[in-house]
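Protein chains: 4
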Amino acid sequence: MFKVGIVGGTGYAGAELLRLLAQHPAVELRVITSRAEAGKRVSDIFPSLRGRVDRVFESPGALALKTCDLVFFATPNGIAMQQAPELLDAGLRVIDLAADFRLADTVEWEKWYGMPHACPEWAEKAVYGLPELNRSAIRDARLVANPGCYPTAVLLGFAPLVKAGAVDPLHLIADAKSGVSGAGRKAETAFLFSEASDNFKAYGASGHRHYPEIRQILARMCGGEAELVFVPHLTPMIRGIHATLYARIRSETDFQALYEKHYANEFFVDVMPAGSHPETRFVRAANFCRIAVHRPRGGDTLVVLSVIDNLVKGAAGQAVQNMNLMLGLDETEGLCQLPLLP
Amino acid sequence: MFKVGIVGGTGYAGAELLRLLAQHPAVELRVITSRAEAGKRVSDIFPSLRGRVDRVFESPGALALKTCDLVFFATPNGIAMQQAPELLDAGLRVIDLAADFRLADTVEWEKWYGMPHACPEWAEKAVYGLPELNRSAIRDARLVANPGCYPTAVLLGFAPLVKAGAVDPLHLIADAKSGVSGAGRKAETAFLFSEASDNFKAYGASGHRHYPEIRQILARMCGGEAELVFVPHLTPMIRGIHATLYARIRSETDFQALYEKHYANEFFVDVMPAGSHPETRFVRAANFCRIAVHRPRGGDTLVVLSVIDNLVKGAAGQAVQNMNLMLGLDETEGLCQLPLLP
Amino acid sequence: MFKVGIVGGTGYAGAELLRLLAQHPAVELRVITSRAEAGKRVSDIFPSLRGRVDRVFESPGALALKTCDLVFFATPNGIAMQQAPELLDAGLRVIDLAADFRLADTVEWEKWYGMPHACPEWAEKAVYGLPELNRSAIRDARLVANPGCYPTAVLLGFAPLVKAGAVDPLHLIADAKSGVSGAGRKAETAFLFSEASDNFKAYGASGHRHYPEIRQILARMCGGEAELVFVPHLTPMIRGIHATLYARIRSETDFQALYEKHYANEFFVDVMPAGSHPETRFVRAANFCRIAVHRPRGGDTLVVLSVIDNLVKGAAGQAVQNMNLMLGLDETEGLCQLPLLP
Amino acid sequence: MFKVGIVGGTGYAGAELLRLLAQHPAVELRVITSRAEAGKRVSDIFPSLRGRVDRVFESPGALALKTCDLVFFATPNGIAMQQAPELLDAGLRVIDLAADFRLADTVEWEKWYGMPHACPEWAEKAVYGLPELNRSAIRDARLVANPGCYPTAVLLGFAPLVKAGAVDPLHLIADAKSGVSGAGRKAETAFLFSEASDNFKAYGASGHRHYPEIRQILARMCGGEAELVFVPHLTPMIRGIHATLYARIRSETDFQALYEKHYANEFFVDVMPAGSHPETRFVRAANFCRIAVHRPRGGDTLVVLSVIDNLVKGAAGQAVQNMNLMLGLDETEGLCQLPLLP
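Taken in sequence, the protein lines are chains A, B, C and D. Under this note's numbering, residue 657 is the last one in the first sequence; the count climbs by one each step, no gaps. Under this note's numbering, residue 657 is the last one in the second sequence; the count climbs by one each step, no gaps. Under this note's numbering, residue 657 is the last one in the third sequence; the count climbs by one each step, no gaps. Under this note's numbering, residue 657 is the last one in the fourth sequence; the count climbs by one each step, no gaps.
The following block holds chain A by itself, in its conformation from the complex (with noise of 0.2 Å):
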């Protein structure tokens, strides 16, 4: 067994890691801290896990995370980059579910989040934990960098056209669509359910942190430059993005097939059949992702369909796939869980 620890354990990729790794084979977790709850026990903040889960949340220094293999932090932005040096100097090999190290330009990273950046040298030597993109540079990364929700359906949703080169790859354009819990569990007015509920609308029209990752890793993916317009909107569900993707075509293929080929074999990512819909509920509560491509009309532009749960493939789901490769299990060990439907 493995031994796992958690810092940061009350929002809900915390929750999720919990649900996710109480029930993983491998993994024992050690220690799970909270500076806003320590001493609580985890289940009196999370009543689901009752009867699972009986750690008591310790504060965030607790010297038993030195004894672990491997420490998740799904802490807010800024604090990873602070404490996950020590651990890492220690030998423990570290995922941060924060954007802390998702940029490797550190420079861009303090434009977007508004603070200085506290360790450059470990931004650029982690490693973007996106599987279907990253696998073997994740088995023996020290550091990952767990993508955020967005940028997961939205990277899936354009590898196979932006890697092949068949679409133009500075005018990309992604319009997704995100449920509440992806705002996290911090109480702010406009996530109420009274606020929230019966509406929709898009948020960062004019700029969102995801834009920047996204286009550092479509530009990692085409070798060269590429632009995109990013436009998240919030819906009225709790888990799940659904990003609608358009892309001007630069030269002809078979597309579906250059999807089905892309993705023949990968576990997590399921290529639906020639003018399907996946609905966000199709992957609730897995990790799996579920893409499909059309061709309206014939026309020169393409539409892809890309959803996730954004608690799972996007966070949790995502980080336990990671670890589960560093620590050489098998990918897919304590993933397997089928979505929830309806």
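Derived by calculation from the structure, the hints in this document are not laboratory data. Be aware that a few hints might be false.
Put simply, identical chains are the same to the list, so a pair is met inside one copy or across any two.
Below are the DSS-like pairs computed for lysine-lysine, each with C-alpha atoms no more than 27 Å apart in a straight line [said to hold, decoys possible]: (1) K381 <-> K440; (2) K440 <-> K355; (3) K355 <-> K576; (4) K355 <-> K318; (5) K381 <-> K478; (6) K501 <-> K576; (7) K381 <-> K355; (8) K355 <-> K501; (9) K576 <-> K478; (10) K318 <-> K576; (11) K318 <-> K381; (12) K501 <-> K440; (13) K318 <-> K440; (14) K355 <-> K426.
Following the hints, put chains B, C and D in place on chain A, whose structure we already have.
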């Protein structure tokens, strides 16, 4: 008091017409028909109207229809084209909330609606009932084709750009999201609460009936060819449409000023301040369209956000607005209720 | 035109007052205050009011308040008892939508609200603002305590039985379900969309502040002691209260007739036909209470179903109804909007 | 590996059985039938199962059924009583998730279900499948009547009190709230998203089919007569039942201790600490029942709160629990997934 009738009043557009007309100071609802519910009290089907609407549903051929000044068809597609001509010939004026008269090209219509058109001559004469575009023609119209819900949101959003020739009219993208009431009150599994709630999906990505309607009007606006990719989505809310529009800039101008000027005298269209994100609840239950214009990172693509209540400005409210014009009433009569928030 | 003011207009009751007063033909909203938002435009906080309410939030001590005929307090508990006396002494009339003046017994009040009461003398003089119970006293009242949302639904449901002495007043049960807007617009984790949607729970099962309020009025109704078990629940909808009431029969009568007669002249209370099940959407956005009476299998227990919109008949609408009475206006003025369905 | 079959797998209980059985380590799903969908792939109807369930729906008379060890009926009421006897006679064991065998008294059954009962002899022999009540009889049963969803929540909540004779068994009240999936996957207007969301209502207040089922088992529990008022409600969530139970105390005891002791050895029943309020999401997607006991103000009425997931402990999960018992497997096998929160 003008005398009006409703043919087919048991769907959501019919219910909303009832709500609006019952509160309208200048008209009297003389007759409402329903094939399925003939003989039942309206308020037994819609108890929200108890104490205010004491009419009984009459059978479709009700003679009383001919005593009206104006008749609304809130029937499924294919009914108005059968029954409206007789009323029109009798000198009544008609507003069809369905799609029968929305396309001037009935060959195109037959392709999308899968049935022969019963009266192409009236399809040609019908006026497309978007007052912000067609006000004076509507005033004199005998037959008004009330626009679809998606077309209303999309066309009001694109109009200033397309009319000004400021964007490429051949590569427009409309990513639209609708509340479930847009699917009507018919019992289909896909629209059950347990299927449609906590879920998000696209549908008709390869072709939707509102596409030819939008394209037809865009072409009129730009006085040439227009082409768009239109992807509708279903979002778990009852009312509301949010259209996210993408257009490639062809000639520079102050786009915020362009919109504000274009709609300066339109009571029902609100151009929000630069940087805004209109939410569907900002227009819930009201006849407004609110619009915001974004230009992410000063790039070459504009993003326009446009929201309406699909049952009001997208259906019954717009129909009453058209009626007001046709009857020589103040255009806003009976349509000044404020949106419901929360 | 009467001049009215609102103290504390940024919560949901305040927003709903704004919506109703902006459409009221006989009053002019002269001033609205907010500690937190002073200086901001009302329509920046509630964009649904753009184009109709062009006021700016003023600071709480605004002199303009004293120029009003009547002032509403839509503040948190504990504010009106501090600030209303000065306005009352200046000859204004006041309606408090919070709980400060709902209990005549301020010792009891202090126990439930956890603070000393600032003016027991006014608590004694205040009139409980349930027009169907207290109409004539309200007309002459200087200070009206607007009832809580639960008490309104529960009391209107029990009144005919309790006043007639038809049931055991010492073993009443009120199982009540509220939409989330009842919790107000404050940012608390428990009311986040991701916590409150797709979920159902009881709260305060051992004691809720509306319990003493209900019991006090029930006792007045039966002219003796009354006791009830009151269990409130949170249900994932924005607006609406559904109270399911249980009472043991003490003397036989035609209960349907009892209700119909009791409310025969009440515009805002609708006794539905025997066998009905009122739904909260039958009163959504409107000032009605709809009630149905059941007697399962002819047994000894009656079941009464009572629904209101918690923000209208349960708060702002009832406040306007009280205002109409106090100002000598028609009681239904400005309150005749039909419910919103769907 | 035991071989199991499902008759009627296209409803929600069938879908949930598929989800649970596909992840069960000791059984193999050999056949699944559907009249309506025969010939279609299961994963085309439920795309959430793509890649995991590759079976095709067979027609109802499939011979493969007889090669199973155990067959589940997830059909509408009235089917199992027609088809199960043949399988039982062939030596198979059967679990009926519908109501056909829940009432031993088939005269009563015929009154509530409006059709003649096809095999009263099996109705008499069937074992009521509530393991916490009937564990040993279930182990040996040939035919198990899987309890209704409401009865499961209500009976587990009342059991400790009624069995101990601590409350008046003739005046029990069960105010129950169900998510919409309880109504099944059939297309009816009342369960459309636009009708059922943002709404709350009671239904069947004068009589619901689960009433005789609950009363029958309560009577067995107390060894005498039992009577209750049962009012079901529809609440806008997909899954979950919350039962609020009221009982008049007859003899004093430590009620919290009574519950804790009663369920001390039950893996699937969790008595929460005094003062708790179980929420339906605390058991979402899991086979648990969580219960809390309240005694408001030390009065003579107890309030018991009991929550389950109607599709798991209220249907498919309980069916698998029964199957485990019947097949001699560990009772918790395949049922240990943690609840999904948020």
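Consistency of the hints with the structure:
| no. | hint | in the structure |
| --- | --- | --- |
| 1 | K381 <-> K440 | within (21 Å within a copy, 61 Å between copies) |
| 2 | K440 <-> K355 | neither (36 Å within a copy, 47 Å between copies) |
| 3 | K355 <-> K576 | between (49 Å within a copy, 25 Å between copies) |
| 4 | K355 <-> K318 | within (21 Å within a copy, 45 Å between copies) |
| 5 | K381 <-> K478 | neither (40 Å within a copy, 52 Å between copies) |
| 6 | K501 <-> K576 | neither (41 Å within a copy, 38 Å between copies) |
| 7 | K381 <-> K355 | within (21 Å within a copy, 51 Å between copies) |
| 8 | K355 <-> K501 | both (18 Å within a copy, 25 Å between copies) |
| 9 | K576 <-> K478 | within (13 Å within a copy, 44 Å between copies) |
| 10 | K318 <-> K576 | neither (37 Å within a copy, 35 Å between copies) |
| 11 | K318 <-> K381 | within (10 Å within a copy, 48 Å between copies) |
| 12 | K501 <-> K440 | neither (31 Å within a copy, 43 Å between copies) |
| 13 | K318 <-> K440 | within (24 Å within a copy, 52 Å between copies) |
| 14 | K355 <-> K426 | neither (37 Å within a copy, 29 Å between copies) |
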